[in-house]
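S.K.: Here's the letter readout for the chains.
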Amino acid sequence: MLSVSLNGMFFKNPLILASGVLDESGDTMVRIARAGAGGIVTKSIGSEERVGYPNPVICELPDGMGIINAVGLANPGIDSYGDEIKIAKKGGVPVIGSIFGSSPEEFVFLAKKMEGYGVDAVELNLSCPHARGYGMEVGTDKGLVEEIVSEVKKAVRVPVWAKLTPNTHSLIEIAKSASAADALVLINTVRGMAIDIDARLPVLSNRLGGLSGPCIKPIGVRAVYEVSSELDTPVVGVGGITSGRDAIEYIMAGAKAVEVGTAVYLRGISVFSQIAREMEEWMLKNDVGSIDELVGVAQRR
Amino acid sequence: MYRVVEIKEIVDEAKNVKTFRFEDESRPEPGQFYMVWLPGIDEFPMSISYIGNLKGFTVKKIGAGTSRMHELHVGDRLWIRGPYGNGFEIRAGKALVVGGGSGMATLAPLIEKLENKDIIIAAKSKDELVFLNRFRDLKPIIATDDGSMGYRGFATDLAEELLAKNDYDMVYTCGPEPMMSAMVQIAKKYGVEIQASLERFMKCGIGICDSCSINGYRVCVDGPVFKSSILFSMTELGKVRRAPSGKKEELG
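Those protein sequence lines, which keep their order, are chains A and B. Residue numbers for the first sequence follow my numbering, beginning at 1 and rising by one. Residue numbers for the second sequence follow my numbering, beginning at 1 and rising by one.
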């Protein structure tokens, strides 16, 4: 009922762990897979070990709105990551290696390494909103995006996903420049800031960060809708998905699958099986036999 | 978001260890922790050492953040969020409590709730023993590595002697990881249940960043207090931790 095939990968359900949440260590990724996730995207890995920003790196927003984070692309470096992938694969679900770089050459280097470690696909982080020289600073340059995607596509055989930023006025143009990817992942976090008025300072040590959680869902749904109306490249939806209804909303907007991150904080690691159950309940009530039937139904074509 | 609390009292407990008392209405369980933010300096996890309305953090100076905290005065403010994590589960029966160094801070509110207990307060040396006065009436057994006070030797050796002589229903421990790791093995050997409050470099404190995970278990949300079944399964305990980058490193 919930199973999805995408780029030749089989997902038992369309609920994939989003990059940056509980996906640094192989053991944790196995635990998430066993808790019901249909797939796993790793933490974004770069060429060198990187400690990220000092604490505080997250700010919890009230009333379950979400969080703002600026972890700063902390990662052990690609050379230390083979073991983690090997362990993560024991979870029995597709493992998608997220990578970040500043140039096409760096992305190619990382993608080849990830492929060598045995990932099922790579996800290009073209959208982290809080790291100088990486993420959205690369991902808002259309020419660079096109070159990175096409060079990585040439260099590896596994599917290549491109994760794009909502922090732009030209989302469609950027999506077009990345359309050679096997799938587009929309959206990364939205640039935001929180100031503690008693401290008279931004909470995050990096000052600005990426906003995630239920408060950004309408931005993600709009982005998925716009891009999948324009392009034939499959879209993976992400941003604020916390319930079965949220996941179905993204799928109706045009997403083939979705990624779930902040909801792990809001509902615990059993969130994947909870959302899957909620989707199935809704589908049974509404006489929908397969989740594929719902992809893009909200679009006027 | 943070609550701002004012420091009401500061007590020197031992070498490089101070207690900061403050009022806060949250209701933590023994073993839970808070994230403490010193704006512009650092944010770090801190277990609660007094759980009444007049609460306390008992802080050992170890890094930039805790060193700066030691420079604070009565009337200065702390920014806190929490309580977080799972605390100790209090079981009926006789307990053995093994506290090493500033690990006593975490165990102190538990000790006050336990009815039937033997307490080991241990440290490298006499001047690093924490809460001797607080628990004087409970007649704790003192151990120092250098023999400067009480039993000469490791807390774990003393604990093993007690486990060999007496029947305990639960061991509670907090202290340096080599001590806790050894304690877990000893409890296993004697067939006694154990709860240990573990420590790792922590970033988010809310279970999403994976920085503090041990064998897939998050110290911040699944712990910091873990029970026997999980402790016995942890192959990384006492051996491997993760650097702030997430890279695995051997525990020295």
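Watch out, some of these pointers could steer you wrong.
[Unchecked claim] One-sided excerpt, in silico: chain A residues whose CB lies under 7 Å from chain B:
| # | residue |
| --- | --- |
| 1 | D27 |
| 2 | R34 |
| 3 | V51 |
| 4 | A74 |
| 5 | P76 |
| 6 | S80 |
| 7 | Y265 |
| 8 | L266 |
| 9 | R267 |
| 10 | S270 |
[What the hints assert, rightly or not] What follows is a list of derived Cβ distance ranges for each label pair:
| # | chain 1 | residue 1 | chain 2 | residue 2 | range |
| --- | --- | --- | --- | --- | --- |
| 11 | A | S3 | B | K124 | 49 to 59 Å |
| 12 | B | G40 | A | S3 | 43 to 53 Å |
| 13 | B | R91 | A | L284 | 36 to 46 Å |
| 14 | A | D63 | B | N166 | 43 to 53 Å |
| 15 | B | E161 | A | D63 | 50 to 60 Å |
| 16 | A | G268 | B | K8 | 51 to 61 Å |
| 17 | B | R3 | A | S3 | 42 to 52 Å |
| 18 | B | K139 | A | G268 | 41 to 51 Å |
| 19 | B | K8 | A | E278 | 42 to 52 Å |
| 20 | B | D12 | A | G268 | 56 to 66 Å |
| 21 | B | R27 | A | G8 | 45 to 55 Å |
Rather than coming from a laboratory, the hints here were simulated on the basis of the structure. Just so it is clear, CB atoms sit at the ideal spot from N, CA and C, and this is done for glycine as well.
S.K.: Evaluate each hint against the coordinates.
M.R.: Hints, verified against the model:
1. The restraint placing D27 of chain A at the interface with chain B holds, with a minimum CB-CB distance near 3 Å, inside the 7 Å limit.
2. With a least beta-carbon distance of about 9 Å to chain B, the hint placing R34 of chain A at the interface is violated under the 7 Å criterion.
3. Annotation: V51 of chain A was flagged as interfacial toward chain B, and the flag holds, the nearest CB pair being 4 Å apart, inside 7 Å.
4. For A74 of chain A, the shortest C-beta to C-beta distance to chain B is roughly 5 Å, which falls under 7 Å, so the interface hint holds.
5. The criterion of a C-beta within 7 Å of any C-beta in chain B is met by P76 of chain A, whose closest approach is roughly 4 Å, and the hint holds.
6. Restraint check, S80 of chain A versus chain B: the minimum CB separation of about 5 Å is within 7 Å; hint holds.
7. For Y265 of chain A, the interface hint holds, the least distance from its beta-carbon to any beta-carbon of chain B being 5 Å, beneath 7 Å.
8. Checking L266 of chain A against chain B by beta carbon gives a least distance of about 10 Å; that is not within 7 Å, so the hint is violated.
9. Contact between R267 of chain A and chain B, as hinted, is not supported at the beta carbon level, the nearest pair being about 11 Å apart and thus beyond 7 Å.
10. Here the hint on S270 of chain A is broken, as its CB sits about 12 Å from the closest CB of chain B, past 7 Å.
11. Checked against the given bound of 49 to 59 Å, the beta carbons of S3 of chain A and K124 of chain B, roughly 58 Å apart, stay inside it.
12. Remark: the range hint 43 to 53 Å for G40 of chain B to S3 of chain A is upheld by a beta-carbon distance near 50 Å.
13. For the hinted restraint 36 to 46 Å between R91 of chain B and L284 of chain A, the CB-CB distance of approximately 43 Å keeps it satisfied.
14. Between D63 of chain A and N166 of chain B the C-beta distance comes to about 51 Å, which sits within the given range of 43 to 53 Å.
15. As the Cβ distance of E161 of chain B to D63 of chain A is approximately 53 Å, the hint placing it in 50 to 60 Å holds.
16. Separation of G268 of chain A from K8 of chain B is about 36 Å and departs from the stated range, judged on CB atoms against 51 to 61 Å.
17. About 46 Å separates the C-beta atoms of R3 of chain B and S3 of chain A, a value consistent with the hinted range of 42 to 52 Å.
18. Taking the beta carbon of each, K139 of chain B and G268 of chain A are about 42 Å apart, inside 41 to 51 Å as hinted.
19. For K8 of chain B paired with E278 of chain A, a C-beta distance near 47 Å keeps the hint of 42 to 52 Å intact.
20. With their beta carbons about 41 Å apart, D12 of chain B and G268 of chain A fall outside the hinted range of 56 to 66 Å.
21. At roughly 52 Å, the beta carbons of R27 of chain B and G8 of chain A sit within the given window of 45 to 55 Å.
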